[in-house]
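Peer 1: I would like the entire structure built from these sequences, with the hints used as guidance.
Residue numbers (the numbering used here), protein chains in the order written: chain E, 243 to 646; chain R, 243 to 646.
If a hint is listed, it holds; no wrong ones were tucked in.
Identical copies look the same in the list; a pair holds intra-copy or inter-copy alike.
List of simulated lysine-lysine pairs, DSSO-like, C-alpha gap at most 27 Å:
1) 592 with 611
2) 639 with 585
3) 303 with 592
4) 576 with 303
5) 409 with 384
These aren't lab readings, by the way, just hints derived from the structure by calculation.
Protein chains: 2
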Amino acid sequence: MEMIKGGVCAAKGFRANGVHCGIRHNRTKRDLALIVSDVPASAAAVYTQNLVKGAPLIVTKQNISDGKAQAIICNSGNANTCNANGIEIAQGMCDLIAQQLDIRACDVVVASTGVIGQPLDLSPIRSGIPALCAGLSADGGKYAAEGIMTTDTTVKELAVSFTLGGKTCHMGGIAKGSGMIHPNMATMLVFITTDAAISPNMLQKALSQDIQSTFNMLSIDGDTSTNDMVTVLANGMAGNPEITAEGKDFAAFMQALNTITVQLCRMIAGDGEGATKLLECIATGADTLEAAKISAKSVICSSLLKAAMFGADANWGRVLCAIGYSGADVDVSKIGVSFRSAKGTVTVCKDGSGILFSEELAKEILLEKEIEILISLGDGPYSATAWGCDLTYDYVKINGDYRT
Amino acid sequence: MEMIKGGVCAAKGFRANGVHCGIRHNRTKRDLALIVSDVPASAAAVYTQNLVKGAPLIVTKQNISDGKAQAIICNSGNANTCNANGIEIAQGMCDLIAQQLDIRACDVVVASTGVIGQPLDLSPIRSGIPALCAGLSADGGKYAAEGIMTTDTTVKELAVSFTLGGKTCHMGGIAKGSGMIHPNMATMLVFITTDAAISPNMLQKALSQDIQSTFNMLSIDGDTSTNDMVTVLANGMAGNPEITAEGKDFAAFMQALNTITVQLCRMIAGDGEGATKLLECIATGADTLEAAKISAKSVICSSLLKAAMFGADANWGRVLCAIGYSGADVDVSKIGVSFRSAKGTVTVCKDGSGILFSEELAKEILLEKEIEILISLGDGPYSATAWGCDLTYDYVKINGDYRT
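Peer 2: Here you go:
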């Protein structure tokens, strides 16, 4: 497997674009994104488990119920959620794009992200679609990536090439964070494309399995969004024998998918609202996978630990506290904690109690931009990783006045 | 029932004091508190459900296993948690106070609050105890209240008088917040005293029942502390017939207790770390008590909603989002949301969708210091209240560098 350029256009037969259509006031911010496959593709998706669901998710779920899709349209600046006419508007977006591209409206995936509970006007979208479609190109992945950004400060895209049945395949993805991020059995907005041939069933299986250890282990602020969605389109244009069952090819596909999703998790966490640091909590030695996952996720969700990391303060008591209230079945007297970064590693707790350590070294390690929090839970065989970020003044600033 | 002065010394036969003994560097901050009953009292307590438990909790649990206690000693500045010799130190605190007061060490409740994982030195406590005991008085409640404060900015104490079996009884309490506050089947540090006569069993029953709708419905930052504890001492000196079963007297006792605990919840929430506002979320119309409680608590725990309240932004979509991911079984299409304060009430959402409202009025309402978030979940008979605070720059500041 190799990292390549091109994002969601790295795979054969995919074109993309992103434009400013006027949903947002800032005319320099693209607010409408489009990804199109030359041919209908296998489609799979996972959605938020929040009971309050964005209207676009309901329309998308219906549209890909046959396992097929050909285009993804997504606006930013308005979530089209908790609006009385939300379904109608989301359906309208599909109709408009289908008409312009001459494809079936039921082959369109629709997504929205932004403020909840403000009516979404179809007019700017209607007037933006001709330019959006006219500008579709195999170089447009980054414009689509920009079009779905909300409070994100960095574009999140990547792609890999890999081999299936002797054929070179490609897979790429884009994502948006960066607040209301605490996926629960689903995730924030992520769109992944591949030219690998895989049946809709196996594609859904791959995605549903992958997110358990990737997006579901990510949290920016503990708030599970109403509009979370990950969608994968696989158009088969790489020409590999279609994957229809588990086996070597499915494993290779899973590996490529996991490479994309783990990196997108890291990108989303590192660009969390107001974040100055990417936190990666690695739990090892657990007796069960569940204990490892729950412990790691609890640590990166703790507001107190997140604030301590912002201050580069090796306040490991907050790590133990977060493990203790996580609900994970662990033996506190066996817990060890270390902090690791490019500057080195410092162990601060062994067997559930503090040990002497160099505060200077700890400070130096924690001043880095990427911090690993290593928690050792005992002698068990299970481990898990969770991703998050620090809690900063800017998180409060961004969210104290996001809507107005 | 009447509100009276005196805090934990309002009840007959209780004296208290608080001194600076040197655990903290700041010589103007009292860091050691003591509450003493003239006679052994019925004692009840509830503790944190965090698996990581402070050593003082383990010693206290043992000491009051016979349902009796006579004194409460508590230091601030160090939690005595995750220390290899923690139990020995907590036991040492009991021994020292018992010796000085000539009571049994096993009748002492011991508590600690502050940084986790730093060894607690007994020397300053040993040298502070003579002055602490010498200064015990019926006017010392406020000194004890000061002695247990950590990042609290206000003293939290109150008292009531009430009648049982024709006798006037008194009950008072003190509390400390103000970070790592998300009680789970227990609570932060609260000490309550009363001169009512009640058996240890009924006292425990009253306390365990009360906290379900009070301290367990309070959250500052989602972090369940390792050292949470509420203790009630009832010394019987009011002379009422001892309460040994449910009935009219037990109900009157519960009412007095609930008055104390609800007000302490409000005080703790309003003085949450960095907080500028007290948030009170009142859920009504739920089909089950659980749905009402889970919904209300989820709303006041949302970082996004807390930040919006700091910015006086009527971003009600975050309220719906938080109800949606709470796990409560609710019908989203029936949810209504209003914001209320001394400036009036504004309804912002009906039947799960936004409605037109005056942004000016909403802003005026949300600029107040005490905000009620009213969520109507349907036509059911159940309601619940949860308390919290806004998320501010100062929360990040306080916790970015608490330890060093």
